[in-house]
Amino acid sequence: MQRNVCHVIALSLVCLAHVAAAQKIKVVATIPDLGEFARRIGGDRVEVNTLATGVEDIHAVPMKPSFAVLLNRADLVVLMGLEMEHAFLPGLLEAARNPKVMRDAPGYIDCSKYVTVLDVPTTIDRALGDQHPMGNPHYNLDPVAMKEAARAMAEGFAQNYPEDRASFTKNLEALEADLDANIVRWQREAAPLKGKTLVSYHPDMVYFAARFGLQPVGTIEIRAGVDPTPSHIEELINLMQREKVDIVVRERHYPAGLAETVAQRTGAKLVELPMMVGGVPEAKDYVGLIDYDLRALLKAVQGGT
Amino acid sequence: MGCTVRNRQPAGAGLVVIAFSFLCATSAGAQSVEELQRDLKAMQAQLDALQQKMKKEEELIEKLSQQKATPAAPLVGAAPVATPAAVAPAAATGPEPGSLEQRVTEDVLRKIQPSLAAANKTFPAQFNPAIGLMLDTVASYQENGGGNFEFRSAEVGLSASVDPFARGYAMLNGTNNGVSVEEAAIVTTSLPYNLTLKGGRFFADFGRLSKFHDHDLPFVNRPEVLNTFVGGESQADGLEVSWLSPLTQYVALTLGAYNKIGADNTQTDNNVPRALSRFTYLARPTTFFSLTDANSIDLGSTLAYTPTVNDFNTDGTQAGNGAARYLSGLDVTYRYTPLGEAQYRGLIWGTEVLYNSEDWNVANVASPVFQREHAFGLYSYLEASVTRRYHPGFMYDYQQALDRQQGDLASYSPYFTVWLSEFQRLRLQYTYLSAPADHQSQFFLQWTALLGSHVHGFRDR
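Chain order of the listed sequences is A and B. The numbering used here applies: residue 1 is where the first sequence begins, and numbers increase by one. The numbering used here applies: residue 1 is where the second sequence begins, and numbers increase by one.
If you are wondering where the hints come from, they were derived from the structure by calculation, not from laboratory data. The beta carbon of each residue, even a glycine, is placed where N, CA and C say it ideally should be. There could be a bad hint or two in this list.
[What the hints assert, rightly or not] To give an idea of the chain A side of the interface with chain B (calculated C-beta under 10 Å), a few residues:
no. : residue
1   : His86
2   : Pro90
3   : Arg97
4   : Glu163
5   : Pro192
6   : Arg252
7   : Tyr254
8   : Arg265
9   : Gly267
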């Protein structure tokens with residue numbers, strides 16, 4: 001009898017251990033691009049939820065209490081960093097009461113760790129707009145920077161779950177190989193964009209432009225995060241006419257009217273672009289996002305609209 | 001990389017010389033055939049190992065050379081295209097000891113070390129809290145009272161982590177009446193079971209807008225119903241514990257015990273010790289419903305219970321009869337936030353209904369006669385975002401007098417907020433006040449600015 005009881009207990013413990021091992025790692029990603037990478041790197045081991053949707057402005061994601069619930073249950077949170085999620089993530093983490101994913105805890109994975117940051121301000125002053133003191137955080141449109149983000153993410157996953165390191169590394173390699181193949185293709189396809197000048201609504205095309213050889217000339221916003229004044233628009237139009245700017249980019253979460261006006265008055269081509277995965281139906285995944293943005297720009301410079 | 005290629009040939013030549021010498025030495029000795037065969041096998045193994053190592057180095061050099069041959073990125077500073085093989089092992093295990101990669105890494109690190117060391121120097125000020133300063137000033141004109149330039153406040157906010165277990169914050173408020181500590185509290189960050197404990201002076205978790213600082217309100221003035229029922233901001237000295245339920249539905253519960261609630265509540269003195277029955281106890285459950293991606297509702301209710309309200313004023317006159325006070329509230333906030341244009345379009349409707357039950361002296365101080373009075377009040381406002389800058393709104397405010405000895409008060413306030421930037425705001429408000437023996441128009445122009453550090457807190461959403 002005693003022996004049977006021991007067997008039952010042992011079997012129960014084995015079952016419990018098995019259930020525990022099979023439990024998925026709960027990952028919360030701040031943007032869909034990182035969510036996709038988390039799924040690819042984590043594979044079957046992870047269950048991923050994303051806070052922002054692709055159509056949103058990352059600087060204005062609503063602080064929904066339901067997000068606090070997701071973060072409360074999370075084992076890991078993956079974020080772009082560089083204060084990109086400043087508008088919603090710190091407040092949500094405070095409400096989530098989860099020490100595992102609090103800022104700088106092991107479960108708080110800042111994917112900007114290895115990214116070479118652009119637009120790092122030399123002067124920190126609010127007179128210069130809603131500055132990101134650590135530099136421009138919109139690196140998700142640069143596939144090479146996103147490879148670095150994937151590397152930081154895989155490293156973070158492995159640090160928290162060392163028993164799955166081999167699986168994460170293998171998945172990372174597959175993701176990187178996929179990106180590498182596409183990067184070569186994108187570089188080739190983007191050749192006609194080299195040297196083309198652009199104005200965007202917000203300085204979120206900087207990394208994309210650097211990667212594919214475009215030149216940002218200015219922004220419709222007077223400063224990052226500050227709506228334009230009429231005098232700024234006049235100055236911008238004068239500058240664009242002088243510089244013969246080729247493209248006006250309207251990020252799809254910014255208003256259409258002003259971008260259209262600027263494009264019409266300067267003769268630049270207006271291109272409407274999603275900034276994140278899911279921003280348009282065609283941008284189903286990260287490759288789809290870069291494909292869409294590149295082709296939209298190519299269409300504009302090669303004679304289409 | 002070039003140096004390594006040059007070094008590779010002498011290394012190979014050296015290897016052959018060593019092997020030849022070794023062969024000569026062994027053949028010259030008087031050794032048996034077996035010994036010679038063993039030595040030859042050992043030598044062969046060494047040669048194989050060295051060849052493997054050289055092959056690996058050649059592969060690495062080839063890869064690095066290919067990277068160098070890749071067209072340069074358009075901007076200096078952009079990350080180079082690295083092959084997965086070069087990145088993944090480094091990410092997982094770091095460079096192989098003695099490898100070219102390790103030598104390159106060490107060389108780079110040596111070069112940037114002085115900069116790293118400079119950046120990592122610790123200054124005592126690095127541990128200082130984040131500091132922000134909020135300036136709030138109002139120009140007003142009241143039909144029955146004239147105009148005034150009102151310096152409302154200069155409020156300094158400080159916040160930082162205390163240690164791995166708690167954070168702290170303080171709001172020091174300078175007004176025309178002097179400097180006061182509006183809030184100064186310690187909040188735990190790592191309690192188990194989704195619990196958070198807060199202690200010190202803070203805004204008690206009563207309703208929604210009672211917890212907002214004056215400058216953070218959606219309108220110029222705090223609704224009169226909150227001033228009268230709660231005592232302005234819900235400032236309280238005490239202890240509060242809040243709990244987030246483990247349900248998938250957001251449900252949070254706050255329980256608190258305080259000397260009193262309300263910065264302007266004069267019924268109790270913060271500095272006088274009291275019996276447990278004279279503290280105010282609070283319970284507040286809240287929840288949230290996401291109707292669609294763009295539509296949501298926050299729902300909360302609060303009960304503040306004081307078992308025994310103060311019997312006597314500080315001057316010895318009788319203030320109450322020691323009966324209990326119940327102050328309860330229900331708050332609903334509806335938000336429409338179209339996700340694709342959250343900064344430019346939106347709607348918020350917020351309403352709080354309050355109910356107070358308390359004994360009041362309905363006679364006079366000399367011969368008091370206490371009677372239980374029930375009073376009710378509410379405010380409701382609707383605010384739209386029509387662009388990122390322009391936010392028009394309307395607020396209705398109604399209250400019954402707590403002792404029911406005076407008539408009701410109501411006010412109607414259309415307002416228009418202009419956000420010059422995220423850190424500077426202008427607000428124009430008209431209020432028609434209908435109070436007993438006081439019907440008047442009031443005009444306000446509020447100018448608010450934030451300097452320094454700011455956070456988007458969950459409480460102020």
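Hints and how they fare:
1. Annotation: histidine 86 (chain A) was flagged as interfacial toward chain B, and the flag holds, the nearest CB pair being 7 Å apart, inside 10 Å.
2. With its C-beta approaching chain B no nearer than about 6 Å, proline 90 (chain A) sits inside the 10 Å limit, and its interface hint holds.
3. Annotation: interface hint on arginine 97 (chain A) holds; nearest CB of chain B at approximately 5 Å, less than 10 Å.
4. Hint status for glutamate 163 (chain A): violated, given a least beta-carbon distance of 13 Å to chain B, over 10 Å.
5. Hint status for proline 192 (chain A) relative to chain B: violated, with the closest Cβ pair at about 14 Å, above 10 Å.
6. The criterion of a C-beta within 10 Å of any C-beta in chain B is met by arginine 252 (chain A), whose closest approach is roughly 7 Å, and the hint holds.
7. A hinted interface residue such as tyrosine 254 (chain A) counts as satisfied when its beta carbon comes closer than 10 Å to some beta carbon of chain B; here the least separation is about 8 Å, so the hint holds.
8. The beta carbon of arginine 265 (chain A) comes no nearer than 21 Å to any beta carbon in chain B, farther than 10 Å, and the hint placing it at the interface is violated.
9. Evaluation of the glycine 267 (chain A) hint against chain B yields a violated restraint, the C-beta minimum of about 24 Å exceeding 10 Å.
Violated hints, listed in ascending order, are 4, 5, 8, 9; each of the other numbered hints is respected by the structure.
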